[in-house]
Amino acid sequence: MTTSHQHPADDTFSPLLIAGLLTRPLPRGPLAALLRHISRRIQRNHPAILERLQPLAGRIFLIRPTDLPYDIILTIGENQVDFSLATETRPLPDADVVISGSLPELVDMMDGRQDGDGLFFSRSLTVTGDTEALLTLRNAVDSDEVNLEQEIFDLFGPLKNPAEKLAKAGGRVYHRLARDMTTLSRAITGPLSNRCRQLEQENQELTNRLDRLDKSLAKTRSRLQSLGRKAAL
Amino acid sequence: MTKLELVCPAGTPAALRVAVDSGADAVYMGFRDETNARNFPGLNFSVPELDEALDYAHGRGVKVLLAVNTYAAAGNADPWIKAVDTAARLKVDAIILADIGLLDYARATHPDLRLHLSVQASASNARAINHYVREFGVRRVVLPRVLTVPEIRRLNQNIDVETEVFAFGGMCPMAEGRCSLSSYITGKSPNMNGVCSPASHVSYIQQGDNLKTNLADFTINKFGPHERAGYPTLCKGRFTTNDTTGYLFEEPTSLNVTGILPDLIDAGVSALKIEGRQRSKAYVREVVQNFRQAIDAAVRGERRAIPMDNLSEGGQDTTGAYNRKWM
Chain G
0 MTTSHQHPAD DTFSPLLIAG LLTRPLPRGP LAALLRHISR RIQRNHPAIL ERLQPLAGRI
60 FLIRPTDLPY DIILTIGENQ VDFSLATETR PLPDADVVIS GSLPELVDMM DGRQDGDGLF
120 FSRSLTVTGD TEALLTLRNA VDSDEVNLEQ EIFDLFGPLK NPAEKLAKAG GRVYHRLARD
180 MTTLSRAITG PLSNRCRQLE QENQELTNRL DRLDKSLAKT RSRLQSLGRK AAL
Chain H
0 MTKLELVCPA GTPAALRVAV DSGADAVYMG FRDETNARNF PGLNFSVPEL DEALDYAHGR
60 GVKVLLAVNT YAAAGNADPW IKAVDTAARL KVDAIILADI GLLDYARATH PDLRLHLSVQ
120 ASASNARAIN HYVREFGVRR VVLPRVLTVP EIRRLNQNID VETEVFAFGG MCPMAEGRCS
180 LSSYITGKSP NMNGVCSPAS HVSYIQQGDN LKTNLADFTI NKFGPHERAG YPTLCKGRFT
240 TNDTTGYLFE EPTSLNVTGI LPDLIDAGVS ALKIEGRQRS KAYVREVVQN FRQAIDAAVR
300 GERRAIPMDN LSEGGQDTTG AYNRKWM
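As given, the protein sequences belong to chains G and H, one line each in that order.
Quick note on numbering: numbering that gives the first Met the number 0 labels position 52 of the first sequence as 51, and the sequence is numbered without any gaps.
Quick note on numbering: numbering that gives the first Met the number 0 labels position 48 of the second sequence as 47, and the sequence is numbered without any gaps.
FYI, nobody ran anything at the bench for these hints, they're computed from the structure.
Glycine residues also receive a C-beta, built at the ideal position from the N, C-alpha and C atoms.
Worth double-checking, as some hints may not be accurate.
Stated by the list, open to error - With a Cα cut of at most 16 angstroms, we get these calculated EDC-like pairs of lysine to aspartate or glutamate:
no.	chain 1	residue 1	chain 2	residue 2
1	H	81	H	32
2	H	187	G	131
3	H	62	H	24
4	H	221	H	265
5	H	90	H	77
6	G	214	H	24
Said to hold, decoys possible - Derived Cβ-Cβ restraints for the label pairs, each shown as a range:
no.	chain 1	residue 1	chain 2	residue 2	range
7	G	30	H	226	31 to 41 angstroms
8	G	225	H	243	25 to 35 angstroms
9	H	258	G	44	57 to 67 angstroms
10	H	309	G	77	34 to 44 angstroms
11	G	204	H	152	44 to 54 angstroms
12	G	53	H	226	50 to 60 angstroms
13	H	78	G	44	28 to 38 angstroms
To be verified - Going by beta-carbon spacing under 7 angstroms, a handful of chain G positions derived as facing chain H:
no.	residue
14	115
15	125
16	204
17	222
Next comes chain H alone, as it looks inside the complex (with noise of 0.2 angstroms):
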């Protein structure tokens, strides 16, 4: 049986340490700017901060990832370029990349560097990962969340190359890096700018014991007393149309496969990903040692589902698309 490699979240050197110690095989994080897909303020690290990260993690044994995972602003790639640079100069384990013109660089100018396929370059089928495979040298696919456990086991039969699947955090119900949705009410976007309802467009109003959840002045969602509440991003927002409200694409949930490791496995997946590089040091902890057990439990060939309900957007979890059984 394949052992899973356990990728963790590491928003600030602070988690970056809890997930090392809490268990995991590897940790991603990115640098604090636009290069990476989670550039929210005062979080990621710096370039000392990334050196020291390296020294804690690899002397215990944990592999770091750098993301760089944006796409490279028209007219100015620097920012960009240099990421790569010091990824290498630094001895990364490997780099996450999206940008085929990061990828190309990355491939001739640094030709040791290990290449991850970012979740937002939105490769999903055979023929898509075997050109990156073939032109760049990737080694593995992050795959989007919008394949059935079946899609993946299929897709690993045709292609020679890692894949890496999301497991648990944030829902997005969009195929990655092909969505613009925020940006028609903010101007910004996951794929350009590094934020998906960015905070500075964020408002949280306390209407009595009601919450209401703004993004951009737009009213995204409105919670009873006690109800539990999700982020304002417009996907996951309560909307009234032709008198009837309620949830248009998806409810606000957190994505949770503890219970369907086995399968995974079985559909040959190498790695999971744990989202969260925006979530505390708690967070971390607990996701991590929680798929510690349940990754060790599913090697002696257990199946152990354990519900994360404290952490999860509004309360509860749910297999995403693994498990999709509407199409």
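Chain G on its own, in the form it takes in the complex (with noise of 0.2 angstroms):
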């Protein structure tokens, strides 16, 4: 499967999609460094994860976060897993699966606090692909406790306990501005969005008109042979 590097149009319109566009110019290597770090991690702390895994081994996840400017690539080894930033300059390796979704979602559902399945129904969650690959991925990282939000704040050493207050401030923050920028992208997709439900239920409805007259011009066709049958009679 082909997958080209730019991330959906119709991005979830939230505060990170904003930090992210301004964070875009900034370098990559803190956050590569966290990927090798949380790699690591997984290596040394999860080896149940690991070995439920296996199955899997050279397979290739691309995780596309809707409101960052990164694709991060999951590839899974022999007993090790390996995440990396996707780089503009590398090009993409073909991915068995594609996963896309909100970063804190993504986030929550990597630490056991949203439920995969649910973000699937409610479409917060995109994947395509190999789905028995994304299964066994999902099954295996939910059969440990994996705390990304801890890895992270561990990479902080002595300065955790201010980063992680700092980080509730701001995930209060990011929920509020999460609030308000629905409520700010529902007002200016709204009256867009209501023409467009009333275009569709028009479209729907000469649709319906059309399909009649179809029915109708078939009917009068035939009555018509069959009177020019008689009539030669």
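Fit chain to chain and form the complex, with the hints in mind.
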């Protein structure tokens, strides 16, 4: 399966999207280092997950946070996992599975705070590719207690506690901003959506009318043919 | 008033710990093979994991039930026999079986092992249930999701064994143990292979804002933008017949009985089963906590319906056959 490096056009309008766009010029170094750290921690602390992932050795997952300008590549190896950042210069590998969703929801899912199927039902999460590989990954990650948030804070060393407090405050701000963004987004797109729905309804009515006319035309034709045959006799 | 036992799913060791910590009275799981009806990739327990799970649950006063609930393969019953022997050796609190050969083996070889009759046996009348009780000493029967509450009440009056009913999750509209619908297009069925709509045959295809769900290259459903989705199971597919498109059997929906718990208690039900060994820890946590509250409220004589649309297929729930009005 081939994947492009373009994010979907319908990116979630969220604070992280704006933050992501603002941070785009920043060096990718810290994020790449974080991903390496997470890979090492999973290898060291979660052997049960690695064991469940073994049937997936050689598979590649593309994780596409819709509110960040970065894609993350997850490669499953023999008893190892490797998270890395897709770079603009390096072409993306052909991924077996592509997972798209907002970053907070992806992290919450990985940490066992959000149900992946629920996110899929609500269309917040998009998945394409090899469903069996996806399910194996989901079940493997869910089989142990992974705490991505904690792994991230651990990176701060002696500054862990202030970082945690800051993040919690940030989380509250994020959720408030997310609500505001949703309201704003609805305000902007609402009238357009209503108009689209109206047009769709009109389109449906016209289609139905056309169908009825088609049927009536067919009947008239058949009647005319029958009359024609009778007249010929 | 009878105290309802809350029986919760565990697809993984972490889910088991979550279920125990969230208020389960009992947790059920299966081995990582075709002996259980949720044989999904990456899911289920190894023997050492079951051993650890028993320590964790028993240390907190929670029972462990092992599902060996598929039918033994013709000519090779060894994995099933081994699963029963392991369950007895590790001292699980009960084993959930459907196959009469395995019930007979368990009864004869491990007389102290408590036997529950799986829903896969589809025992839905007093005569069938009494047969299982008499012949194999079954102590609890999991009822198929096809009975109304008055029917369950009448049934309980004519049997002398505990009954367990489904309370939340996958809403199977067919009689369990009798459905081979998915095998017609995938070659695999829940009864023989432990999978309905096996993941190896499922594909999700994004078409712009629309989502198409396929099973073995057959389109099962197409969801419009923002329309809540469901699993691609044949019984919940949207099909076109005679120019009309709609759901032939059942819509994407989940079972939720929080609103009728007092009725189920009154009908003599002993235990409630939460479906979803294939679901996440987050699902287990939320559903188990909510049911714990609902059961405790029902015991106090209160009726408390708790919607869980965020976890439900199609974002909607139903009381299914329990409140059936169409027959």
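The hints, checked one at a time:
Distance restraint check for residue 81/H and residue 32/H: the Cα-Cα separation of roughly 12 angstroms lies within the 16 angstroms cut-off, and the hinted pair is therefore satisfied. For the given pair, residue 187/H sits about 15 angstroms from residue 131/G by alpha-carbon distance, which is consistent with the 16 angstroms threshold. Distance hint between residue 62/H and residue 24/H is fulfilled; the C-alpha atoms sit about 6 angstroms from each other, no more than 16 angstroms. About 41 angstroms separates the Cα atoms of residue 221/H and residue 265/H, which puts this hinted pair outside 16 angstroms; it is violated.
Distance check on the hinted pair: residue 90/H and residue 77/H sit about 20 angstroms apart at the alpha-carbon level, beyond 16 angstroms; violated. The hinted pair formed by residue 214/G and residue 24/H fails the criterion: a straight-line CA distance of about 62 angstroms is larger than 16 angstroms. With their beta carbons about 35 angstroms apart, residue 30/G and residue 226/H fall inside the hinted range of 31 to 41 angstroms. Between residue 225/G and residue 243/H the beta carbons are some 29 angstroms apart, a value that agrees with the proposed interval 25 to 35 angstroms.
About 42 angstroms separates the C-beta atoms of residue 258/H and residue 44/G, a value inconsistent with the hinted range of 57 to 67 angstroms. A beta carbon spacing of about 38 angstroms between residue 309/H and residue 77/G agrees with the range 34 to 44 angstroms that was offered as a hint. Roughly 50 angstroms separates the CB atoms of residue 204/G and residue 152/H, a value that falls within the hinted 44 to 54 angstroms. One distance hint, 50 to 60 angstroms for the beta-carbon pair residue 53/G and residue 226/H, is violated here, with the actual separation near 37 angstroms.
Restraint check, residue 78/H to residue 44/G: a C-beta distance of roughly 32 angstroms satisfies the suggested window 28 to 38 angstroms. Taken as an interface hint, residue 115/G checks out: its beta carbon lies about 6 angstroms from the nearest beta carbon of chain H, inside 7 angstroms. About 6 angstroms separates the beta-carbon of residue 125/G from the nearest beta-carbon of chain H, less than 7 angstroms, and the hint is met. Using the Cβ-Cβ criterion of 7 angstroms, the hint placing residue 204/G at the interface with chain H is not satisfied: the shortest such distance is roughly 16 angstroms.
Interface hint status for residue 222/G: violated, as the beta-carbon distance to the closest one in chain H is roughly 22 angstroms, over 7 angstroms.
In summary, the numbered hints that this structure violates are 4, 5, 6, 9, 12, 16, 17.
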